[in-house]
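Enquirer: Sequence:
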Amino acid sequence: MDWLTVKSWHVRRELRKWMRNAPDKAHILDAGTGFGHNAYWLSCQRDKYSVLAIDQKQSHVCSGNAFVRDTKRKNLLFRTMSIEELEADEAFDLILCTETLEKVENDESAVEHMHGALKDGGLMITTVNRKFKAKCEKGDDFSRPGYQIEEIKKMLKESGFHHVKAHFTGGKAGQWAQRLGVTLPLRLLRMSRLFLLILPFYFILAIPTAIILNWLDSHTAHLSGEGIILLARK
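The working numbering numbers the first residue of the sequence shown as 1 and each following residue consecutively.
Since the hints were made in silico from the structure, they are not lab data.
We put the beta carbon where it would ideally sit given N, CA and C, even for glycine.
It is possible that part of the hints are untrue.
As the list claims (entries may be wrong) - Listed next, with one range per pair, are the computed distances between beta-carbon atoms:
#	residue 1	residue 2	range
1	G121	S192	31 to 39 Å
2	R69	K172	36 to 44 Å
3	W215	D70	30 to 38 Å
4	R69	R179	19 to 27 Å
5	D89	I207	27 to 35 Å
6	E150	D70	42 to 50 Å
7	T209	D89	46 to 54 Å
8	R190	R20	38 to 46 Å
9	K74	R20	35 to 43 Å
10	K165	W215	32 to 40 Å
11	E90	R69	29 to 37 Å
12	K25	G116	17 to 25 Å
13	M81	G160	36 to 44 Å
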């Protein structure tokens, strides 16, 4: 499903750029890996990469390691750990942190831990939601509504990162791709399971259109967007 989500297109594009000059035996951290789709994708790019995927949810880690065993990936490991529990000094060439900082209450401390874990000259790629509202709580789990672009850039710089670059994701093209590829089909299924019968025909047209829109979104600049992607060097 990654090719239906615009944020994945932006992340993969930046990862491909990084891989052009990456060390052959790069050490990579996926912080807040979730279901591990980015960690698995990276582990498949080069067998000599060493990928550590961490997440606070033990269920994600258990299912991730089970998948690793089933697929016989020898260069990927999942561990139950928060970013603030990370005790690694200049260990990684790349740190990937997608859709995670919003869920970390002490986000400044988490960024400082990732800075310390990154090798000199290493790259951190981060994605966050853009802030549209002020509320910072959702249910029982902490979650902030996102960041303003200058706010998150300032936090990374104050943590020691330099050459911090940021741009918006999810412009008009990406938003339409999300509606066509994800939002509308889910709404139809909530209305009636009978829509399962027509969804295959719907996707014949919707998926190629969503792919084109996501490509456009990830290859053009936006004055605004629903998300932010940041690249920062140590």
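Enquirer: Evaluate each hint against the coordinates.
Expert: Hints and how they fare:
no.: 1; hint: G121 to S192: 31 to 39 Å; verdict: violated (55 Å)
no.: 2; hint: R69 to K172: 36 to 44 Å; verdict: holds (42 Å)
no.: 3; hint: W215 to D70: 30 to 38 Å; verdict: holds (31 Å)
no.: 4; hint: R69 to R179: 19 to 27 Å; verdict: violated (37 Å)
no.: 5; hint: D89 to I207: 27 to 35 Å; verdict: violated (45 Å)
no.: 6; hint: E150 to D70: 42 to 50 Å; verdict: holds (44 Å)
no.: 7; hint: T209 to D89: 46 to 54 Å; verdict: holds (47 Å)
no.: 8; hint: R190 to R20: 38 to 46 Å; verdict: holds (43 Å)
no.: 9; hint: K74 to R20: 35 to 43 Å; verdict: violated (24 Å)
no.: 10; hint: K165 to W215: 32 to 40 Å; verdict: violated (21 Å)
no.: 11; hint: E90 to R69: 29 to 37 Å; verdict: holds (30 Å)
no.: 12; hint: K25 to G116: 17 to 25 Å; verdict: holds (21 Å)
no.: 13; hint: M81 to G160: 36 to 44 Å; verdict: violated (22 Å)
In summary, the structure is inconsistent with hints 1, 4, 5, 9, 10 and 13 from the numbered list given earlier, while agreeing with the others.
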